[in-house]
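Trainee: The chain contents come next:
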Amino acid sequence: MKIIYLTMTTILMTAVGVWAGDDAPTALSNKEAIDLVQTHANYLWTLVAACLVFFMQAGFALVEAGFTRAKNLINIMMKNLMDFSMGSIAYWAIGFGLMFGASASGWFGTTGFFLSDYAPDGDPWVLAFWMFQVVFAATAATIVSGAMAERTRFVGYLIYSVMISAFIYPVFGSWAWGGLFNGGGWLENLGFIDFAGSTVVHSTGGWAALAGALVLGPRLGKYAKDGSIRPILGHNIGFAALGVFILWLGWFGFNPGSTTTADKSIALIFVNTNLAAAAGAIAAMVVSWIKFGKPEVGMTLNGTLAGLVGITAGCANVAPGSAIVIGLVAGALVVFSVMAFDKIKVDDPVGAISVHGVCGAWGTLAAGLFNMGGTTGKIIGVQLLGIGADFLWVFPTAFIMFKLIDKTIGLRVTPEDEITGLDVTEHGGTAYPDFEVSSAYSQS
Amino acid sequence: MKIIYLTMTTILMTAVGVWAGDDAPTALSNKEAIDLVQTHANYLWTLVAACLVFFMQAGFALVEAGFTRAKNLINIMMKNLMDFSMGSIAYWAIGFGLMFGASASGWFGTTGFFLSDYAPDGDPWVLAFWMFQVVFAATAATIVSGAMAERTRFVGYLIYSVMISAFIYPVFGSWAWGGLFNGGGWLENLGFIDFAGSTVVHSTGGWAALAGALVLGPRLGKYAKDGSIRPILGHNIGFAALGVFILWLGWFGFNPGSTTTADKSIALIFVNTNLAAAAGAIAAMVVSWIKFGKPEVGMTLNGTLAGLVGITAGCANVAPGSAIVIGLVAGALVVFSVMAFDKIKVDDPVGAISVHGVCGAWGTLAAGLFNMGGTTGKIIGVQLLGIGADFLWVFPTAFIMFKLIDKTIGLRVTPEDEITGLDVTEHGGTAYPDFEVSSAYSQS
Amino acid sequence: MKIIYLTMTTILMTAVGVWAGDDAPTALSNKEAIDLVQTHANYLWTLVAACLVFFMQAGFALVEAGFTRAKNLINIMMKNLMDFSMGSIAYWAIGFGLMFGASASGWFGTTGFFLSDYAPDGDPWVLAFWMFQVVFAATAATIVSGAMAERTRFVGYLIYSVMISAFIYPVFGSWAWGGLFNGGGWLENLGFIDFAGSTVVHSTGGWAALAGALVLGPRLGKYAKDGSIRPILGHNIGFAALGVFILWLGWFGFNPGSTTTADKSIALIFVNTNLAAAAGAIAAMVVSWIKFGKPEVGMTLNGTLAGLVGITAGCANVAPGSAIVIGLVAGALVVFSVMAFDKIKVDDPVGAISVHGVCGAWGTLAAGLFNMGGTTGKIIGVQLLGIGADFLWVFPTAFIMFKLIDKTIGLRVTPEDEITGLDVTEHGGTAYPDFEVSSAYSQS
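Chains as they are written, first to last, in the working numbering: chain Y, 1 to 444; chain F, 1 to 444; chain B, 1 to 444.
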């Protein structure tokens with residue numbers, strides 16, 4: 001009996017590895033190994049999603065370039081490349097610390113600048129998380145580029161892009177998302193729902209775009225003295241449409257990637273994102289068809305983006321049917337919003353204020369209205385508070401910043417340069433030298 | 001002894017967690033945790049692959065736009081954006097239920113419409129699976145766009161795109177793939193091999209394209225009365241080539257993603273997909289070089305796609321060397337097929353019928369011929385049956401549908417509109433206003 | 001007691017599954033299952049990364065097309081498509097075996113040709129690994145295309161592309177990386193640090209590009225007899241900029257994917273890759289601003305690529321702050337290098353020699369200088385040895401090969417063909433038939 005017992009014990013011990021050799025697995029070591037594989041999957045998903053969000057930079061660049069004139073293409077590509085490049089360095093040095101560092105005041109973080117929270121022998125999760133966050137910061141930054149297209153001094157734009165990535169975006173971000181690493185920002189502690197950033201990213205970009213467009217004023221020739229509005233046509237609709245496809249793709253990183261975890265919850269977010277985009281495209285096409293007599297491509301492309309912005313806040317907490325409704329409203333809303341801003345002579349060449357500012361606000365409200373767990377007056381109130389807080393923080397701050405840039409180094413190019421085109425005057429180049437340009441090219 | 005025994009037991013119990021605290025892992029809880037991590041990896045792969053397949057929409061749009069005239073670019077982008085958008089909603093409402101719902105008749109499913117199989121507290125796999133399937137449905141739909149380019153009324157195209165996504169594609173899909181969720185379609189129960197859809201997706205799109213091209217008739221000026229064929233040149237080979245690169249990339253989601261499982265089997269599928277595409281490009285280039293005296297870009301680009309379509313059915317069950325042979329045949333076949341359809345005056349501006357219909361059939365046959373486990377007369381017979389069943393279902397149904405659209409709201413634009421270009425007449429826009437257009441632009 | 005003991009044993013046995021039913025998990029079976037899930041994650045990451053690197057083919061094509069003239073676009077797209085297609089087949093047949101096969105001599109492998117190391121019932125890892133390696137080989141190959149643009153015979157280019165993929169690249173690759181499957185190449189056994197291929201891929205491509213540009217000579221009209229240098233403008237800066245965004249995206253597969261393992265280490269590589277690219281863009285912009293008076297788009301785009309090439313060797317063993325320094329130096333270096341090669345009349349239309357050759361060398365040196373574990377004279381010596389060995393192997397071999405091609409079938413087109421443009425003369429096509437071309441189009 002004793003012998004049998006010992007033998008048995010040995011077998012058991014070997015099987016569960018309690019005192020077996022170094023490599024023998026135990027339930028506990030297995031549990032740790034399982035957690036590690038899941039962690040690897042989380043890294044993988046977060047960083048693949050960051051790739052998709054990074055690619056949105058190309059999408060925004062193409063949409064802006066496509067919707068504007070050939071004589072400003074180089075300038076637009078330079079702005080879009082440099083806001084990401086300078087933004088990356090600024091977010092590394094300052095922004096990430098303000099947004100996710102430990103916070104004494106509760107209003108912004110004060111640690112983790114220059115990625116100092118990372119030690120080579122420590123946990124590299126902060127690096128994966130930074131990578132995902134920097135492409136978000138850059139999205140907020142690049143939204144503004146479109147609204148300020150075709151008339152902004154390049155050096156002024158560079159200063160702006162550092163400011164939003166280092167300061168304006170991270171401060172609001174810390175209110176709504178900062179708690180991922182520390183005690184929690186005041187908005188998220190109230191229960192503010194903005195899963196992937198309808199407000200945090202898109203409205204922030206949209207309200208900064210509004211400030212920029214107002215400080216700059218409209219492009220020459222856009223609004224005639226008799227009150228009529230002259231459409232300034234985009235020079236390459238192929239670029240614009242490709243840009244929208246790329247943005248739709250990138251949003252599959254933007255929304256589901258915001259889990260920063262590889263789990264089952266990403267499926268719902270994928271489906272909601274896709275359905276809202278489709279509904280936004282359909283709604284904008286139908287509304288433009290009714291209003292203008294024909295299904296208009298610019299509005300339809302912006303309707304797609306409007307649907308995507310709209311579902312960004314609620315992508316994880318609304319049902320697929322609600323996602324369609326949210327997208328339909330966003331797609332219709334963007335058409336009316338674009339027309340309204342044109343009416344009050346706010347010249348936004350690509351519709352960025354409407355797509356990101358207005359539809360970002362709608363999406364944030366909708367995340368409360370269509371909450372699968374039910375909605376209450378308190379939920380709606382907090383959503384409205386978040387929407388308002390973003391506007392009240394971003395718009396005045398950005399407005400003052402643009403005014404300061406304008407009064408010091410100058411924000412707007414000269415009328416002569418604007419007519420010539422910024423490619424020649426700001427960059428000494430021309431984007432399409434092998435083609436004959438039409439009279440529209442050098443029109444003001 | 002007793003004491004030792006109890007101590008031992010305690011150690012063992014702790015180690016295997018049989019009656020330890022809540023969090024103590026056991027072999028069983030570990031097994032469940034492992035399965036869950038693998039499930040997470042499956043979600044991740046299926047959804048990342050869906051991203052890649054989604055991006056094929058941009059690829060198809062660019063290929064079609066590049067191979068046609070500048071005056072129809074907006075129309076092409078609108079068609080490609082809207083067939084995905086309307087298709088997404090149609091597949092959510094109807095198509096997915098027909099294809100994968102429980103089936104009483106064995107001919108199509110009758111449950112799961114409006115994603116009603118999904119409950120917020122249930123398993124979200126149906127959402128991940130839907131996301132992967134909707135991008136497949138959209139691929140079938142968008143193939144047709146190219147064959148009908150430059151002369152189709154936009155409203156007629158919208159109706160078509162809903163019909164194929166909601167009805168034509170899902171019904172055949174249920175025969176060949178429906179069993180993923182229910183008892184199995186009749187074709188798959190016979191052993192039909194079409195791993196990622198040479199027939200289910202590509203031939204379905206190709207035969208619908210043939211029906212559309214026949215009902216529409218050729219573009220004005222394509223076939224002269226003296227029997228000569230006038231080439232109508234694509235306006236932007238850069239777009240077309242970029243589109244092919246994007247499609248090649250997307251196919252790495254299309255074929256390997258069809259596992260919907262993150263396991264080792266995807267490696268073979270990747271390699272086969274890549275080698276067949278490369279072989280298709282080489283074969284088409286060589287054949288075009290022999291036949292036309294120069295390596296022709298349009299044929300070479302289509303040869304790449306032909307190789308990809310060809311390997312789609314057999315990507316998981318043929319060896320890499322066979323993939324090269326399949327691709328070589330597809331690449332040569334597509335050149336002869338394009339010329340043959342031109343000869344019988346079926347005007348297919350991008351070669352969609354040849355690439356997807358003809359090479360889809362070849363690929364489906366090849367999946368039987370080169371089966372790694374060996375081939376038999378029965379296997380070949382079932383493959384031919386599947387190829388035939390697809391043609392017999394899709395072509396007549398699509399033909400009747402296009403005829404009905406033609407007789408009611410009208411499928412083809414007026415000759416005047418065709419000459420002016422659909423961008424102006426259907427959408428009130430122009431794709432490249434800053435450039436001087438050549439006389440080719442407004443040619444019929 | 002006995003009964004209790006047996007009952008207990010039964011419980012334990014069940015729990016650990018020692019002699020329970022087939023499916024009952026044990027610590028050991030769990031450990032194996034965990035390893036398998038991790039293996040699946042490794043496959044997934046390696047193959048998704050291969051997708052990203054594949055997409056770099058589109059990026060290189062767009063950069064080259066954008067920086068050259070419209071009359072050569074078809075030729076450029078054909079070259080970029082075919083170097084990948086022919087390279088894939090060549091690397092399958094020969095290259096992979098030379099690079100990773102078992103080696104008797106220690107200078108190159110001699111097994112694994114035609115993927116013969118893969119058996120259908122064996123481990124498919126060799127397939128996943130091949131897929132990742134073939135896109136690397138293709139990157140080295142396609143780099144050369146840009147330096148030889150606008151004047152190379154298509155058939156000569158095809159022969160070159162087979163030679164580099166089958167022979168030149170794999171042989172050096174086996175010295176630095178071959179040990180992944182066998183005993184180790186001589187360079188890696190010395191401790192050579194080139195994690196993702198600043199030297200192995202980029203300098204190899206760059207030095208072959210130098211050989212090609214020298215054998216070809218400059219484009220007609222590039223260098224006047226009075227010594228002045230005429231800029232030949234790129235025809236589509238939108239394509240070039242999109243190409244750079246795609247390359248940046250693809251590099252997130254190139255560098256982190258080189259782990260071929262889904263683990264935490266990819267986070268640091270992502271961050272370093274991103275920061276170096278951003279720094280490279282900024283540095284090149286600033287230097288071009290200082291030197292030319294305006295922030296120049298071509299230099300800035302190349303500066304981005306320079307930063308990416310620079311961080312490729314050291315992406316896994318330097319700190320983020322060092323990545324910024326490496327990128328800054330690379331971005332500045334590329335401007336001076338491009339100007340220097342122009343001064344000595346080496347006509348490189350896209351700057352490939354400077355971006356990939358020179359900055360590849362810099363990056364390899366920097367991987368030693370900024371090594372997180374500290375640097376020594378020996379480390380620096382080995383890095384310099386690797387840089388030198390690559391030049392001494394690649395440049396003479398490629399030079400002789402290009403000379404042989406030139407003397408036999410001819411490497412350069414006739415002056416008439418060069419003025420007409422290679423699209424017409426080599427491919428019988430025209431890339432933009434709907435647009436009026438400017439006088440620059442048919443300029444020599």
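Heads up, a few of these hints could be off.
Unchecked claim - Derived pair list, reagent style DSSO-like, types lysine-lysine, alpha-carbon separation capped at 27 angstroms:
id: 1; chain 1: Y; residue 1: 294; chain 2: Y; residue 2: 222
id: 2; chain 1: B; residue 1: 407; chain 2: B; residue 2: 294
id: 3; chain 1: F; residue 1: 222; chain 2: F; residue 2: 378
id: 4; chain 1: F; residue 1: 264; chain 2: B; residue 2: 264
id: 5; chain 1: B; residue 1: 294; chain 2: F; residue 2: 294
id: 6; chain 1: Y; residue 1: 294; chain 2: F; residue 2: 403
id: 7; chain 1: Y; residue 1: 407; chain 2: Y; residue 2: 345
id: 8; chain 1: Y; residue 1: 225; chain 2: Y; residue 2: 345
id: 9; chain 1: F; residue 1: 291; chain 2: F; residue 2: 378
id: 10; chain 1: Y; residue 1: 264; chain 2: B; residue 2: 294
id: 11; chain 1: F; residue 1: 407; chain 2: Y; residue 2: 294
id: 12; chain 1: Y; residue 1: 403; chain 2: Y; residue 2: 222
id: 13; chain 1: B; residue 1: 343; chain 2: Y; residue 2: 407
id: 14; chain 1: B; residue 1: 222; chain 2: B; residue 2: 291
id: 15; chain 1: Y; residue 1: 343; chain 2: Y; residue 2: 291
id: 16; chain 1: F; residue 1: 403; chain 2: F; residue 2: 291
id: 17; chain 1: Y; residue 1: 294; chain 2: Y; residue 2: 378
id: 18; chain 1: F; residue 1: 294; chain 2: B; residue 2: 407
id: 19; chain 1: B; residue 1: 291; chain 2: B; residue 2: 343
id: 20; chain 1: B; residue 1: 294; chain 2: B; residue 2: 378
id: 21; chain 1: B; residue 1: 403; chain 2: Y; residue 2: 403
id: 22; chain 1: B; residue 1: 403; chain 2: B; residue 2: 225
id: 23; chain 1: Y; residue 1: 264; chain 2: F; residue 2: 264
id: 24; chain 1: B; residue 1: 345; chain 2: B; residue 2: 403
id: 25; chain 1: F; residue 1: 343; chain 2: F; residue 2: 264
id: 26; chain 1: Y; residue 1: 264; chain 2: Y; residue 2: 345
id: 27; chain 1: F; residue 1: 407; chain 2: F; residue 2: 345
If you are wondering where the hints come from, they were derived from the structure by calculation, not from laboratory data.
This structure is a prediction, so every number in the text was calculated from the model and none was measured.
Trainee: When the structure is checked against the list of hints, which entries are broken? Sort them ascending.
Mentor: 2, 3, 5, 9, 10, 13, 16, 17, 20, 21, 25 and 26
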